[in-house]
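*Asks:* Sequence:
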Amino acid sequence: MICNNLLKAKSVEELFEQYKTTHDIAVKQEIVLHYSGIVKTIAIQLRGVYISFAEMDDIINEGIITLMQVIDKFDPGKNAKFETYASLRIRGAIIDLARKQDWIPRNVRKLGKSIDQTFSDLYFALGRYPTETEMAEQLGISLSKYHKALSETNLFNILSLDALVDGLQEEGQNEKFLKDQSLDSAPTYTLERKELAQMIKNAIHELKENEQLVVSLYYNKELSMKEIAGVMGISEPRVSQLHASALRKLRLSLGNYYTA
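Taking UniProt numbering, the leading residue of the sequence shown gets 1, the next gets one more, and so forth.
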């Protein structure tokens with residue numbers, strides 16, 4: 001066992017190199033301590049996903065377990081940033097846990113799919129993203145009821161932007177890029193990933209300004225819905241609506257990419 005003081009003096013890169021060689025549990029624990037803040041940040045971000053069946057402390061514990069597994073799988077020799085690699089898999093683990101708990105009520109799931117289908121139909125019919133008024137009219141409900149429906153189905157749309165970039169599909173489908181780590185170094189996979197990342201970047205630029213701001217604050221600045229509401233001077237439910245609308249548009253663009 002290595003002296004903790006000596007470990008604390010090392011850089012993260014040195015710790016990874018040492019762990020790769022020695023597999024010393026003390027080195028691994030030091031790496032976990034260094035990145036434990038990522039787990040808490042993600043747990044706060046995704047609390048809407050698990051709030052109905054788990055406490056935040058339980059989710060943080062699950063995240064730490066995932067982090068430890070990720071450390072064993074991570075290859076420092078590849079040109080990948082560990083923070084991104086770990087964040088993606090921790091978020092994925094929380095979402096998988098929520099799915100196993102059947103966390104979305106059947107009526108909400110049905111409503112979410114109905115809104116998605118209507119949004120997609122109008123998009124192809126109009127050749128552009130439909131407005132909220134057009135969506136409400138097509139669904140046969142008032143604009144206020146449509147806003148309420150967006151809030152109710154927001155959890156249905158909570159997926160990280162990292163997960164979208166990495167190819168997460170609708171629930172129940174395989175996460176094909178996460179299953180085979182050997183794909184990370186394949187030229188065709190690298191090209192496809194770059195193409196997909198550029199496609200989503202373009203799709204984000206097509207969002208409304210307030211939707212772009214919500215996406216930026218949620219994914220880049222890692223603010224909670226409540227914090228975003230404070231920054232933008234709007235209600236938290238409205239932030240949820242904008243977030244759901246943005247993800248619905250991005251998922252539509254991503255679906256077009258996979259079916260093209």
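What the hints contain is simulated information worked out from the structure, not anything from laboratory work. Since this is a predicted model, take the numbers as computed values, not measurements. Hints may contain errors.
Calculated pairs, DSSO-like style, for lysine-lysine (alpha carbon to alpha carbon, straight line, at most 27 Å) [as the list claims (entries may be wrong)]:
(1) 100 x 8
(2) 81 x 110
(3) 100 x 113
(4) 148 x 81
What follows is a set of in silico ranges between Cβ atoms, one per label pair, in the way DEER data are often shown [unchecked claim]:
(5) 17 x 108: 46 to 56 Å
(6) 117 x 206: 33 to 43 Å
(7) 44 x 12: 14 to 24 Å
(8) 61 x 114: 42 to 52 Å
(9) 75 x 117: 11 to 21 Å
(10) 124 x 20: 24 to 34 Å
In this text, a Cβ means the ideal position worked out from N, Cα and C, and glycines have one as well.
*Asks:* Hint by hint, work out which the structure violates, then give me just those numbers in ascending order.
*Replies:* 1, 2, 4, 6, 8, 9 and 10
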